[in-house]
Amino acid sequence: MAKYMLLIYGDATRWDAMSATERSALEAAHAAFREAAGARVLGGEELESAPSATTLRGGVTGDLITTDGPFLDTKEALGGFYLLEAADLDEVLALAALLPEVRAGHSGVEIRPVVFHG
Amino acid sequence: MNEDVVAAVAAAHRRDWAQVLATTAQLTRDLDLAEECTQDAYAQALLVWPDSGVPARPGAWLTQVARNRARDVLRRESRFRRTLPLLVAEETVPGPEDGLVADDRLRLLFTCCHPALAREAQVALTLRLVCGLSTAEVARAFLVPESTMAARITRAKKKIATARIPYRVPSSDQLGERVGAVLQVVHLIYTTGHTAPSGPELIRPDLSGCAVDLARLLHLLMPTDAEVSALLALLLLNDARAAGRVGPDGRLRLLAEQDRSTWDTELIAEGAALLTDALRRGPPTRYAVEAAIAAVHAEARTWEETDWAEIVALYTVLQRMWPHSPVVQLNRAAAIGMRDGPRAGLDALTPLLREPALATYSYLSATHADFLRRLGDWPAAAVAYEEALTLTGNEVERAFLTDRLTEVRRHLP
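Chains A and B, in that order, are what the protein sequence lines are. Everything in the first sequence is counted per the working numbering, starting at 1 for the first residue and increasing by one. Everything in the second sequence is counted per the working numbering, starting at 1 for the first residue and increasing by one.
Because the hints were derived from the structure by calculation, they are not lab data. Take the hints with a grain of salt, since some may be wrong.
[What the hints assert, rightly or not] In silico SDA-like pairs for lysine to any residue, Cα to Cα no more than 25 angstroms straight-line: (1) B:K158 <-> A:E91; (2) A:K3 <-> B:S171; (3) B:K159 <-> A:L7; (4) A:K3 <-> B:R178; (5) B:K158 <-> A:V114; (6) B:K158 <-> A:A2; (7) A:K3 <-> B:D173; (8) A:K3 <-> B:A118; (9) B:K159 <-> A:M5; (10) B:K159 <-> A:F81; (11) B:K159 <-> A:R40; (12) B:K159 <-> A:L98; (13) B:K158 <-> B:D103; (14) A:K75 <-> A:E27; (15) A:K3 <-> B:K158; (16) B:K158 <-> A:V109; (17) A:K3 <-> B:P115; (18) B:K159 <-> A:V109; (19) B:K159 <-> B:G180; (20) B:K159 <-> A:R112; (21) A:K3 <-> B:A161; (22) B:K159 <-> A:E85; (23) B:K158 <-> A:L7; (24) B:K158 <-> A:A94; (25) B:K158 <-> A:V115; (26) B:K159 <-> A:D88; (27) B:K158 <-> A:H117.
[Said to hold, decoys possible] Sample of chain A residues facing chain B (criterion: CB under 10 angstroms; computed from the structure): (28) A87; (29) D88; (30) P113; (31) V115.
[Claimed, not checked] Not the full set, but computed from the structure, chain B residues with beta-carbon under 10 angstroms of chain A: (32) H114; (33) T162; (34) R164; (35) P166; (36) S171; (37) D173.
The beta carbon of each residue, even a glycine, is placed where N, CA and C say it ideally should be.
Take the sequences, apply the hints, and build the full model.
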């Protein structure tokens with residue numbers, strides 16, 4: 001078994017503009033995903049939107065700089081994640097295909113294997 | 001070195017490489033180690049066979065040697081290897097109820113063509129691992145330096161291990177969506193072998209032969225899939241005519257000049273039957289239409305008998321299916337030139353001269369040159385032949401274009 005991080009990216013303005021009906025359809029689809037994935041879901045959360053982010057990094061002189069906003073200020077924002085445990089990539093691909101963001105047009109899911117430290 | 005043995009090892013390399021590697025990978029769960037052991041087994045054959053004689057089943061012998069070698073390495077490195085990500089392999093062989101052919105080569109092919117790998121990586125891995133070409137040979141086929149190709153292959157193998165791309169034929173519910181990429185890779189390997197982008201030979205039979213073998217294997221796996229049948233038909237209908245494309249003098253023979261008695265009538269019949277089957281099973285797909293065009297050529301007994309009206313009609317269908325392919329438009333223009341004469345062909349081709357995707361495509365210049373030559377526009381034809389020559393890396397094609405250029409220049413003041 002191996003662990004995979006599913007990173008859900010999309011256009012935040014489209015997410016913010018969702019109607020109540022669209023929002024509940026989205027949540028129902030995530031519930032279906034959790035149901036199908038079962039114990040393979042190790043964790044997962046929806047994130048507050050990118051403007052709520054705070055980024056901390058070192059400046060040239062070694063001091064810490066705190067800035068407002070996400071690390072990468074892109075149109076496609078990280079909206080949420082799941083941590084899954086699965087046998088192989090095909091198993092993850094089959095499950096990830098159930099996520100509504102895969103078919104929304106403006107969003108998608110990046111699958112990253114997690115480093116195994118023994 | 002005994003020449004018979006060298007020939008037998010070469011034949012076993014062509015025929016059995018993928019099977020030996022695939023079966024060894026099943027044991028090692030590590031493509032690099034499997035590759036190393038497979039290479040060792042072939043080196044061992046060169047040493048041992050001159051004395052022992054060529055075994056009755058060379059593939060089985062090579063597999064045995066490669067697997068023994070793998071077991072030795074695994075035993076020695078067992079502690080170290082346990083910490084590395086392993087190739088995800090199937091523990092059980094699928095039973096007949098799966099309706100799948102349990103062939104290790106197919107497992108390897110589907111792993112190499114997994115959609116999580118970039119197309120160029122899929123092609124490189126398939127040629128290296130499934131077809132057994134050396135990295136240098138793969139690099140030469142795609143006109144990249146060997147170090148670039150080696151890095152590409154290493155990166156792809158690393159991704160298979162770290163992302164755990166499984167080592168198996170996809171389950172029947174995933175097979176349909178996965179087979180498309182495999183067919184594209186096989187088709188690309190074939191076309192690269194059909195006219196080598198560079199080098200002294202027109203055809204690279206190591207590439208085209210491997211593609212035909214893989215298409216046959218896929219057809220065994222999915223005998224009722226129309227797209228698979230159509231691709232195999234297309235490759236066979238082209239391959240059947242390969243022997244006629246170069247004359248005994250080593251020079252390029254255009255279709256009009258080919259000795260049609262060199263064509264393989266059995267392959268043509270097999271390809272035509274597969275095409276008929278594919279068309280019966282569903283609406284025509286891209287490969288089916290291309291195969292139909294190849295069939296019209298293959299089934300014409302003489303050049304004069306070629307049904308150009310039919311070929312233009314088929315290209316029109318292809319253009320509708322694939323509206324953004326300038327190569328299809330170019331082929332259609334060439335066919336129009338055959339049906340209605342060079343003036344009509346030139347009119348159909350002229351808009352393509354502004355097409356950026358074809359800016360370095362030698363067949364555009366060569367076709368343009370041919371129309372101008374047939375119209376007697378010698379200065380323009382000479383310019384177009386010169387342009388085609390700068391864009392062509394294949395020496396057989398270069399010799400042909402040089403002859404034409406010389407002929408055209410004779411008419412210049």
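These are the hints, each one checked on the structure:
{"no.": "1", "hint": "B:K158 <-> A:E91", "result": "holds, 19 angstroms"}
{"no.": "2", "hint": "A:K3 <-> B:S171", "result": "holds, 22 angstroms"}
{"no.": "3", "hint": "B:K159 <-> A:L7", "result": "holds, 18 angstroms"}
{"no.": "4", "hint": "A:K3 <-> B:R178", "result": "holds, 23 angstroms"}
{"no.": "5", "hint": "B:K158 <-> A:V114", "result": "holds, 14 angstroms"}
{"no.": "6", "hint": "B:K158 <-> A:A2", "result": "holds, 15 angstroms"}
{"no.": "7", "hint": "A:K3 <-> B:D173", "result": "holds, 24 angstroms"}
{"no.": "8", "hint": "A:K3 <-> B:A118", "result": "holds, 22 angstroms"}
{"no.": "9", "hint": "B:K159 <-> A:M5", "result": "holds, 15 angstroms"}
{"no.": "10", "hint": "B:K159 <-> A:F81", "result": "holds, 22 angstroms"}
{"no.": "11", "hint": "B:K159 <-> A:R40", "result": "holds, 22 angstroms"}
{"no.": "12", "hint": "B:K159 <-> A:L98", "result": "holds, 24 angstroms"}
{"no.": "13", "hint": "B:K158 <-> B:D103", "result": "holds, 24 angstroms"}
{"no.": "14", "hint": "A:K75 <-> A:E27", "result": "holds, 23 angstroms"}
{"no.": "15", "hint": "A:K3 <-> B:K158", "result": "holds, 17 angstroms"}
{"no.": "16", "hint": "B:K158 <-> A:V109", "result": "holds, 22 angstroms"}
{"no.": "17", "hint": "A:K3 <-> B:P115", "result": "holds, 20 angstroms"}
{"no.": "18", "hint": "B:K159 <-> A:V109", "result": "holds, 18 angstroms"}
{"no.": "19", "hint": "B:K159 <-> B:G180", "result": "holds, 21 angstroms"}
{"no.": "20", "hint": "B:K159 <-> A:R112", "result": "holds, 11 angstroms"}
{"no.": "21", "hint": "A:K3 <-> B:A161", "result": "holds, 13 angstroms"}
{"no.": "22", "hint": "B:K159 <-> A:E85", "result": "holds, 18 angstroms"}
{"no.": "23", "hint": "B:K158 <-> A:L7", "result": "holds, 21 angstroms"}
{"no.": "24", "hint": "B:K158 <-> A:A94", "result": "holds, 22 angstroms"}
{"no.": "25", "hint": "B:K158 <-> A:V115", "result": "holds, 13 angstroms"}
{"no.": "26", "hint": "B:K159 <-> A:D88", "result": "holds, 12 angstroms"}
{"no.": "27", "hint": "B:K158 <-> A:H117", "result": "holds, 17 angstroms"}
{"no.": "28", "hint": "A87", "result": "holds, 7 angstroms"}
{"no.": "29", "hint": "D88", "result": "holds, 4 angstroms"}
{"no.": "30", "hint": "P113", "result": "holds, 5 angstroms"}
{"no.": "31", "hint": "V115", "result": "holds, 8 angstroms"}
{"no.": "32", "hint": "H114", "result": "holds, 8 angstroms"}
{"no.": "33", "hint": "T162", "result": "holds, 5 angstroms"}
{"no.": "34", "hint": "R164", "result": "holds, 4 angstroms"}
{"no.": "35", "hint": "P166", "result": "holds, 4 angstroms"}
{"no.": "36", "hint": "S171", "result": "holds, 8 angstroms"}
{"no.": "37", "hint": "D173", "result": "holds, 8 angstroms"}
Checked against the numbered hints given earlier, the structure satisfies every one of them.
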